[in-house]
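Mind docking chain B on chain A? Use the hints.
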Amino acid sequence: MAQPWERDFLLLIVKIFFMAISVIYAIFSFMVVRQVSLMNKSFTTSLNAPFTFLAWVHFFVSLLAIVLVFTLL
Amino acid sequence: MTALLGQFVREPYGVHFDGQDGEERILLFLRQHIIVNLGWILITTLLLFAIPIFDFLLGLGGTSLNELIPTKYNFVLRFLLALFTFGYFFENFLSWYFNSYIVSDKRVVDIDFYGITHRRFSEAPLRNIEDITNEISGFGPVIFHYGDVSIQTAAEMREITFENVPDPDRVQDIISDLISKIKGESE
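Respectively, the protein sequence lines represent chains A and B.
Note that my numbering numbers the first sequence so that position 41 is 41, with each residue one more than the last.
Basically my numbering = 1-based index in the second sequence + 1000.
Next up, chain A with everything else stripped away, as it sits in the complex:
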C-alpha cells in the first residue's frame, strides 16, 4: 500500500503532466485553426464554414481544458 506522501507526490507529477499536456494541446489546436484557414483557401466547398467552426470550437474547448486543469487539480 502506498504511503500518503507517496500518493501526493504521484498526484503532483500527474498534475504537472496534465498542465503541460493541456498547454501544448492548446497550441496544437490553434495551429489547427490556422491550418484550416489555409486549407479552405486551397479549395472551397460547402464544408469550409463547418470546418472553420469546428476548428474554433476545438480551440476554445482546449482553452477550457487548461482552465479545468489549473483550477480543478
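Treat the hints loosely; a few may be bogus.
[Claimed, not checked] In the DMTMM-like style, the derived pairs of lysine to aspartate or glutamate whose C-alpha atoms are separated by at most 25 Å in a straight line are: (1) 41/A / 1123/B; (2) 41/A / 1067/B; (3) 41/A / 1163/B; (4) 1072/B / 8/A; (5) 41/A / 1055/B; (6) 41/A / 1130/B; (7) 41/A / 1112/B; (8) 41/A / 1185/B.
[Claimed, not checked] Covered stretches of chain A (in silico footprint by chain B; criterion: 3 or more residues with CB under 8 Å from a CB of chain B, positions within the stretch not fixed): (9) 17 to 31; (10) 41 to 51; (11) 57 to 63.
Source of the hints: derived by calculation from the structure; they are not laboratory data.
This one's a predicted model, so the numbers in the text were calculated from it and none came from an experiment.
C-beta atoms are modelled at their ideal positions from N, C-alpha and C, and glycine is treated no differently.
Then chain B, alone, in the frame of chain A:
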C-alpha cells in the same frame, strides 16, 4: 456532382481551387481512396473505448478507476482523452479531405497537406505533360482498385503523383484524352 466526400468526381459542383482562372473548368476531382483512412479510424475507435475498456479490465480485478485516482483527476483524464480523440479524428479527416488532385481543362493540380505544418501545391499545364503512368500495387489496392498515377512533365517540376486514387486507369485515360485534345488543337 458533389465533391463533399467524393473520391472520384467528374465536373464537381461548387468546388474552386486557389489560383483557378475565371473561365477554367474543373473536369475531374480526386481524393485518396476512402479505405486509406482505415488505420486512423480504428485508432480513433480504440481511443473512444479506451476508458470503458480500462474500467472493464479493472472491474475484473475487483477495483475501478474511481477507487484508484481522485474523482477530479478521473474527470480531467476523461475530458482530455475525449478532446485528444476529437483532435486526432479531426486532423486526420482534414488531411484526407483537403489532400486533393484536380484536373481542369488547362492543368493538373496536386494539393498536399502533411500534418499541420506542411502544405505543397503543385501544378502542371496539360500541354507540358509528356507521359502518364498508373500503378496498382499491393493487396489493398488490388482488392479495392486504387493506386498511383504519375504524371511526367517537361516543366521544372518533373513529376506530379496522384497517390492512392480510385480507378487510376480511368484517371490516366481521362488525362490522356485531354492532352490529345489540347495538343491536337494547337497543331
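Hints, verified against the model:
1. 41/A / 1123/B: holds (16 Å)
2. 41/A / 1067/B: Violated. Residue 41/A to residue 1067/B sits at ~50 Å, over the 25 Å cutoff.
3. 41/A / 1163/B: Measuring from Cα to Cα gives roughly 22 Å; hence the hint holds.
4. 1072/B / 8/A: holds (14 Å)
5. 41/A / 1055/B: Roughly 44 Å between the alpha carbons, so the hint for residue 41/A and residue 1055/B is violated.
6. 41/A / 1130/B: violated (30 Å)
7. 41/A / 1112/B: Roughly 13 Å separates the two Cα atoms, so the pair holds.
8. 41/A / 1185/B: Answer violated: residue 41/A to residue 1185/B is near 33 Å, above 25 Å.
9. 17 to 31: It holds, with 7 qualifying residues against the three required.
10. 41 to 51: With 8 residues in contact (Cβ-Cβ under 8 Å with chain B), the coverage given for the region 41 to 51 of chain A holds.
11. 57 to 63: With 3 residues closer than 8 Å to chain B, the region 57 to 63 of chain A meets the three-residue bar; holds.
Of the numbered hints given earlier, the model fails hints 2, 5, 6 and 8; all others are met.
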